[in-house]
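Enquirer: Sequences and hints are given; from them, build the entire structure.
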Amino acid sequence: MKAVVKYDNVAGATEVREVPVPQIGPDDVLVKVAFIGVCGSDPHMHHNRVSYKVNVPLILGHEFSGTIEQVGINVKGYSVGDTVTCETHADYCGKCELCRTNNYHVCRQRKGFGFQADGAFAKYVKVPSRILHKLPTGVGMREAALTEPLCVAYSALVKHSHIKPGDTVVVIGPGPIGILCTKMASILGASNIVVIGTDGDEGRLELAKEFGATMTVNSSVQDPLPLIMGLGDGYGADTVIDTAGFSPTLKLSIDVVRPCGQITKIGWGPQPVGFSLDPIIAKAVTLQGTFSHNWDVWEKCLVLMSKKTVDLNRLITHELPLDQWEKSFALMESKQGLKIVLTPID
22 MKAVVKYDNV
32 AGATEVREVP
42 VPQIGPDDVL
52 VKVAFIGVCG
62 SDPHMHHNRV
72 SYKVNVPLIL
82 GHEFSGTIEQ
92 VGINVKGYSV
102 GDTVTCETHA
112 DYCGKCELCR
122 TNNYHVCRQR
132 KGFGFQADGA
142 FAKYVKVPSR
152 ILHKLPTGVG
162 MREAALTEPL
172 CVAYSALVKH
182 SHIKPGDTVV
192 VIGPGPIGIL
202 CTKMASILGA
212 SNIVVIGTDG
222 DEGRLELAKE
232 FGATMTVNSS
242 VQDPLPLIMG
252 LGDGYGADTV
262 IDTAGFSPTL
272 KLSIDVVRPC
282 GQITKIGWGP
292 QPVGFSLDPI
302 IAKAVTLQGT
312 FSHNWDVWEK
322 CLVLMSKKTV
332 DLNRLITHEL
342 PLDQWEKSFA
352 LMESKQGLKI
362 VLTPID
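Just so we're aligned, residue 22 is where the sequence shown starts under my numbering, counting upward by one.
If you are wondering where the hints come from, they were derived from the structure by calculation, not from laboratory data. Any given hint could turn out to be false.
With beta-carbon atoms standing in for the labels, derived distance ranges [to be verified]:
(1) Val37 - Ser355: 18 to 24 Å
(2) Thr158 - His68: 36 to 42 Å
(3) Ser268 - Lys155: 38 to 44 Å
(4) Val101 - Asn334: 26 to 32 Å
(5) Ser72 - Val37: 23 to 29 Å
(6) Ser72 - Tyr28: 34 to 40 Å
(7) Asn123 - Gly98: 15 to 21 Å
(8) Asp299 - Gly255: 34 to 40 Å
Glycine included, C-beta positions come from ideal geometry on N, C-alpha and C.
Expert: In structure tokens, the structure reads:
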């Protein structure tokens with residue numbers, strides 16, 4: 022089968038290769054991929070701009086949906102022909118304290134699809150049955166390939182933040198995750214939802230309004246600080262969601278969050294921050310990191326999708342065949358594409 026392979030940890034070392042169809046074990050299923058979502062981390066890995074280790078050679082891709090083609094002899098509850106999506110945790114020990122307390126997403130032995138284990142930029146992918154999720158009635162495979170970014174937003178806002186009706190929430194970065202965080206803030210009852218972008222984000226900021234933003238700001242044109250401090254009682258945002266991750270966005274988060282408020286950081290930022298973190302102490306602010314998701318989050322998100330509470334199809338701007346992966350990366354990096362799905366090739 023043809024797959025997009027990152028073959029070395031240097032910039033540009035990615036290509037389409039002919040690779041064997043994966044062999045499944047007794048607890049696995051073989052999924053025939055229908056759609057693969059392109060994540061912002063995929064072009065970053067292609068350009069070797071990531072701070073984490075990538076086990077090369079490696080098939081990229083961790084957002085996908087498909088149909089079960091083969092079932093391992095120990096697998097119960099799943100059959101050939103089932104339409105599924107699955108978590109990104111290709112492997113974890115299942116025995117440590119973290120795994121036993123439903124925190125397997127941070128197990129020390131965890132390997133993620135498309136990072137440390139072969140992913141879904143291919144026609145077939147091997148999936149442990151313990152991370153499979155059947156698609157409920159009404160959820161198509163195209164939108165199901167975007168379940169994972171919705172789970173990131175759900176985990177960050179519902180599980181790891183403390184948003185209440187009437188709150189002011191600021192979302193920095195109107196990419197797919199930021200827009201879905203906007204939707205989750207709206208579902209949770211936030212009254213003021215401010216989404217901040219930069220030049221080139223104009224279309225994304227407009228879409229953020231459809232997903233619940235009450236105000237959008239292009240920070241390249243207008244300083245968001247006085248706008249946010251002018252809302253409500255003037256103390257700032259109850260919660261700031263940083264989906265961008267760069268040092269300036271953390272600085273902005275610290276500036277706009279209210280005393281005793283919370284900053285929830287989703288975006289990665291490998292560079293030193295270059296400024297004092299003392300205001301976090303002075304304002305008694307909670308700085309919350311959030312990573313990935315787990316079983317219950319996926320099930321809840323699939324319910325939201327089946328009830329049409331969240332329409333992931335609205336995020337998809339392009340659908341391309343797998344051999345146009347470079348074009349998909351370029352579209353994302355230029356902000357011409359918001360969410361792009363790829364389809365396998367023979």
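Enquirer: Can you give the numbers of the hints that this structure goes against, from lowest to highest?
Expert: The structure breaks hints 6 and 8; every other hint is satisfied.
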